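Peer 1: Read off the chains here:
There are 2 protein chains.
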Amino acid sequence: MQKQRLALLALPFLLVAAAPPHDPAKLRDAALKDDTAWTIAEGLTTEIGPRLAGSAQEARARDWAVAKLKSLGFKNVHVETFDIPGWERGEERGAIVTPYPQPLALTALGNSGATPADGVEAPLVAFANVAALQAAPADQIKGKIVYVGNEMRPAQDGSSYGYFGAVRRSAPSIAAQKGAVAIVIRGLGTDSHRVPHTGVTNFEAGVTPIAAAALSNPDADQIERIVAQGKPITLRLLVTPRRTGPRQSGNVIAEVPGTDPGAGIVAIGGHLDSWDLGTGAIDDAAGVAITAAAAKQIMDAGRPRRTIRVIWFGSEEIGGNGGQAYFDRHKAEPHASVSESDFGADRVWRFETKLNAASAPLTGRLEAALAPLGITKGSGTASAGADLGPWVRAGSNGIDLDQDGLRYFDVHHTSDDTLDKIDPDQLAQNVAAWTAMLAIVANAPESLAGGRD
Amino acid sequence: MQKQRLALLALPFLLVAAAPPHDPAKLRDAALKDDTAWTIAEGLTTEIGPRLAGSAQEARARDWAVAKLKSLGFKNVHVETFDIPGWERGEERGAIVTPYPQPLALTALGNSGATPADGVEAPLVAFANVAALQAAPADQIKGKIVYVGNEMRPAQDGSSYGYFGAVRRSAPSIAAQKGAVAIVIRGLGTDSHRVPHTGVTNFEAGVTPIAAAALSNPDADQIERIVAQGKPITLRLLVTPRRTGPRQSGNVIAEVPGTDPGAGIVAIGGHLDSWDLGTGAIDDAAGVAITAAAAKQIMDAGRPRRTIRVIWFGSEEIGGNGGQAYFDRHKAEPHASVSESDFGADRVWRFETKLNAASAPLTGRLEAALAPLGITKGSGTASAGADLGPWVRAGSNGIDLDQDGLRYFDVHHTSDDTLDKIDPDQLAQNVAAWTAMLAIVANAPESLAGGRD
Numbered sequence: 001m002q003k004q005r006l007a008l009l010a011l012p013f014l015l016v017a018a019a020p021p022h023d024p025a026k027l028r029d030a031a032l033k034d035d036t037a038w039t040i041a042e043g044l045t046t047e048i049g050p051r052l053a054g055s056a057q058e059a060r061a062r063d064w065a066v067a068k069l070k071s072l073g074f075k076n077v078h079v080e081t082f083d084i085p086g087w088e089r090g091e092e093r094g095a096i097v098t099p100y101p102q103p104l105a106l107t108a109l110g111n112s113g114a115t116p117a118d119g120v121e122a123p124l125v126a127f128a129n130v131a132a133l134q135a136a137p138a139d140q141i142k143g144k145i146v147y148v149g150n151e152m153r154p155a156q157d158g159s160s161y162g163y164f165g166a167v168r169r170s171a172p173s174i175a176a177q178k179g180a181v182a183i184v185i186r187g188l189g190t191d192s193h194r195v196p197h198t199g200v201t202n203f204e205a206g207v208t209p210i211a212a213a214a215l216s217n218p219d220a221d222q223i224e225r226i227v228a229q230g231k232p233i234t235l236r237l238l239v240t241p242r243r244t245g246p247r248q249s250g251n252v253i254a255e256v257p258g259t260d261p262g263a264g265i266v267a268i269g270g271h272l273d274s275w276d277l278g279t280g281a282i283d284d285a286a287g288v289a290i291t292a293a294a295a296k297q298i299m300d301a302g303r304p305r306r307t308i309r310v311i312w313f314g315s316e317e318i319g320g321n322g323g324q325a326y327f328d329r330h331k332a333e334p335h336a337s338v339s340e341s342d343f344g345a346d347r348v349w350r351f352e353t354k355l356n357a358a359s360a361p362l363t364g365r366l367e368a369a370l371a372p373l374g375i376t377k378g379s380g381t382a383s384a385g386a387d388l389g390p391w392v393r394a395g396s397n398g399i400d401l402d403q404d405g406l407r408y409f410d411v412h413h414t415s416d417d418t419l420d421k422i423d424p425d426q427l428a429q430n431v432a433a434w435t436a437m438l439a440i441v442a443n444a445p446e447s448l449a450g451g452r453d
Numbered sequence: 001m002q003k004q005r006l007a008l009l010a011l012p013f014l015l016v017a018a019a020p021p022h023d024p025a026k027l028r029d030a031a032l033k034d035d036t037a038w039t040i041a042e043g044l045t046t047e048i049g050p051r052l053a054g055s056a057q058e059a060r061a062r063d064w065a066v067a068k069l070k071s072l073g074f075k076n077v078h079v080e081t082f083d084i085p086g087w088e089r090g091e092e093r094g095a096i097v098t099p100y101p102q103p104l105a106l107t108a109l110g111n112s113g114a115t116p117a118d119g120v121e122a123p124l125v126a127f128a129n130v131a132a133l134q135a136a137p138a139d140q141i142k143g144k145i146v147y148v149g150n151e152m153r154p155a156q157d158g159s160s161y162g163y164f165g166a167v168r169r170s171a172p173s174i175a176a177q178k179g180a181v182a183i184v185i186r187g188l189g190t191d192s193h194r195v196p197h198t199g200v201t202n203f204e205a206g207v208t209p210i211a212a213a214a215l216s217n218p219d220a221d222q223i224e225r226i227v228a229q230g231k232p233i234t235l236r237l238l239v240t241p242r243r244t245g246p247r248q249s250g251n252v253i254a255e256v257p258g259t260d261p262g263a264g265i266v267a268i269g270g271h272l273d274s275w276d277l278g279t280g281a282i283d284d285a286a287g288v289a290i291t292a293a294a295a296k297q298i299m300d301a302g303r304p305r306r307t308i309r310v311i312w313f314g315s316e317e318i319g320g321n322g323g324q325a326y327f328d329r330h331k332a333e334p335h336a337s338v339s340e341s342d343f344g345a346d347r348v349w350r351f352e353t354k355l356n357a358a359s360a361p362l363t364g365r366l367e368a369a370l371a372p373l374g375i376t377k378g379s380g381t382a383s384a385g386a387d388l389g390p391w392v393r394a395g396s397n398g399i400d401l402d403q404d405g406l407r408y409f410d411v412h413h414t415s416d417d418t419l420d421k422i423d424p425d426q427l428a429q430n431v432a433a434w435t436a437m438l439a440i441v442a443n444a445p446e447s448l449a450g451g452r453d
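Residue numbers (UniProt numbering), protein chains in the order written: chain A, 1 to 453; chain B, 1 to 453.
With the rest of the complex left out, here is chain A:
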């Protein structure tokens, strides 16, 4: 009570500069020394490991998350469940049969169809990229296994994933429409290891799914070298994932209650589910860890003006279901701003905002508080990620803390996404940036929630 009154008294001062107990600079610098985020990431990846949406492992992750968030002192910790269409991996093997027999390292894409139980063997037809596949006549493809390459390279802002992502998102459906019996792609990875990159694909309505798998980059190189020799290639594939029917997923929610219930919610989070191949360290134990650790910094310093809601989303990977479920359930609640951490664990290098007019003063305060961490202002195009994006599209404020993505697609969606890929120092820089952002946004004296607060 006393704390609450103190915060209200401090309000006029906040208009000039952030006041105790939530001085952004002080909290930011203290957060650099906090290991809460590391502890969360270590615990989730060790004690749960892989946690595919809809699986028993994801359900265990929710139980783990509730216990962890309660133990950290958060309030109103609870799970909001929803159903998803389940999909799970089966066997997956592949080989070059001719001209040079040898095994291939590959993995099924999410939503892939299956080969027959004893596999499929067919001639390969290869395309350099999606455009070449699109341009090819169906009679060149019918009855064959399609290969599609891509030229994705690392980019700090991850933008390469947009354009080149079509090879995974669209090529399988196009190949299926043209009569291919299966498809293998050069996966969306910037590494050169025998660890193929999975990720979701989607078949257009009316298209019967075919087996769709990603090759590791060294395997794609091998295919392309043989293609360059002009030799006909035959592949054998055994890929047997299946649709399981409806499965339960859920979002785990925790709060730092604010002193001003009418000021709108500051929603932050990452996603709790992961692909099944690795232990989901950079995607996205890091994101849930960073956001919860930053919220805890604020909580431990005293009550902020606004309620901070930490959401650990379920089923982001296989269809963005958790984000949509949260929006559908909470859309009547005013949100002052939304922010997601879902791009690894490397340092924040830029912040992006998408703010309504009343919230414009936040930008300068963010710039000042984040610059000492090496973070610059972007071009005003925040998206709030896959899970909180619906809010920005519906008009809420969005603030992105953009992580350096130069290494992200080296291990993204592979078995190699494990705890050792997280750099503790860069993880702490993330927590510091999020703490500073929360100190500013959760305490901002302006009316942020589109005039609703």
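Since the hints were derived computationally from the structure, they do not count as laboratory data.
Everything numeric in this text was worked out from a predicted model, so none of it was measured.
Possibly wrong hints are sitting among the right ones.
Listed next, the stretches of chain B that the computed footprint assigns to chain A, with coverage defined by at least 3 CB atoms under 8 Å from CB atoms of chain A [what the hints assert, rightly or not]:
1. 100-111
2. 153-166
Derived, one-sided and incomplete: chain A residues facing chain B with beta-carbon distance under 8 Å [to be verified]:
3. Ile48
4. Thr98
5. Gln102
Straight-line distance between alpha carbons at most 30 Å, and here's what the computed DSSO-like set of lysine-lysine pairs gives [stated by the list, open to error]:
6. B:Lys142 / B:Lys178
7. B:Lys70 / A:Lys231
8. A:Lys231 / B:Lys178
Virtual Cβ for every residue (Gly too), placed ideally from N, Cα, C.
Based on these hints, arrange chain B on the given structure of chain A.
Peer 2: Coordinates of chain B only, in the frame set by chain A:
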């Protein structure tokens, strides 16, 4: 004929400095621009791929090698076969059952025994290293699955593989003797990827082999984190390799005939076989490629004094059989010097010699010719590697061109040993160093073969 007479006339001059056509400096610098080695490494890893000793793939590799060496212009190209005890990989899967169920990335060690066909599930007992395993009483181990860690770190000269190698070479036999039902080790790798490192183990006479597998480093980290929590661990393993009975392997031999048959042979080579997981690029397509490419540089410049014999050994990995077979068959032939390339494809940084008194003048000539490539003189402890080591131990001259091993154990014996791991520039530096060495040794006027020439 004319060339031969010219070489003989040039002999007195060679005592002062290397004369045309084999000027070490000129040939060395020309070799930096030659892509023969790359072409061999690319061809072998692409057109054959994995080539486990005794397999059909290794036999195909011999056919490929004979054709390649003939097409390069070598003389007396032939295969010398021998039998080996065959071993081949079966299924291999593992998982933590309790306390935190999740799959493990592992691979059987060469010569591993098998679990029952439906696997084995047992409590884990963990040791930090081989010394701790050795010190433990049998009743602590009986009926359990043993885990043994190791602290191997990269070293430029690869020396870490000696000491830490005991975890792979010896721990399985020790664990079996003490009644373990299976063993998993932290593999001998310096990377942090989910690609476990295989390699040979040996069970002592009278010890019944147990299933023995290597975990990738991230998986070993995971086990050690849970051990550190003090939680009892149960593992499930399915590892079903088998001994196949006798299989045929063979050495592929090619020569650059010398002008002086009595001057002893200069024997160089690498090994043609590889582990079955990768395509054997750095281990050891690089070695066969480097040595053949260097010999071709000499051949193309004219006939050297001594015959250069290029040997692409079979079955190095599983038991060093090819090297022993060559020694047993050829030990009556005087060898002027022996040198093997079997430590990857990174640059040569040091040369080592082990020379008889008459051959001592070679050292200074090697030092002068190799220094411009950044190569320094070692401490006089050449070993000539696994395949040609028997010759050095029997008193022949040995010359080692030591490659930089700081990255070697990142991919050594994994599925990740693929062509992309070879740096073409560093490969060319190797060829240049070997060319300079051959120009000096094959033409040296001294009597090198222990007084037998």
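Peer 1: Compare the structure with each hint and give your call.
Peer 2: Against the structure, the hints:
1. 100-111: Holds, because 5 residues of the segment 100-111 of chain B bring their Cβ atoms closer than 8 Å to Cβ atoms of chain A.
2. 153-166: Per the Cβ count (0), the hint is violated.
3. Ile48: 7 Å, holds
4. Thr98: Since the shortest Cβ distance to chain B is 12 Å, the answer is violated.
5. Gln102: 3 Å, holds
6. B:Lys142 / B:Lys178: It holds: about 6 Å lies between the C-alpha atoms, which stays within 30 Å.
7. B:Lys70 / A:Lys231: Holds, because 23 Å separates the two Cα atoms, which is no more than 30 Å.
8. A:Lys231 / B:Lys178: It is violated: about 54 Å lies between the C-alpha atoms, which goes past 30 Å.
The structure shown violates the earlier hints numbered 2, 4 and 8.
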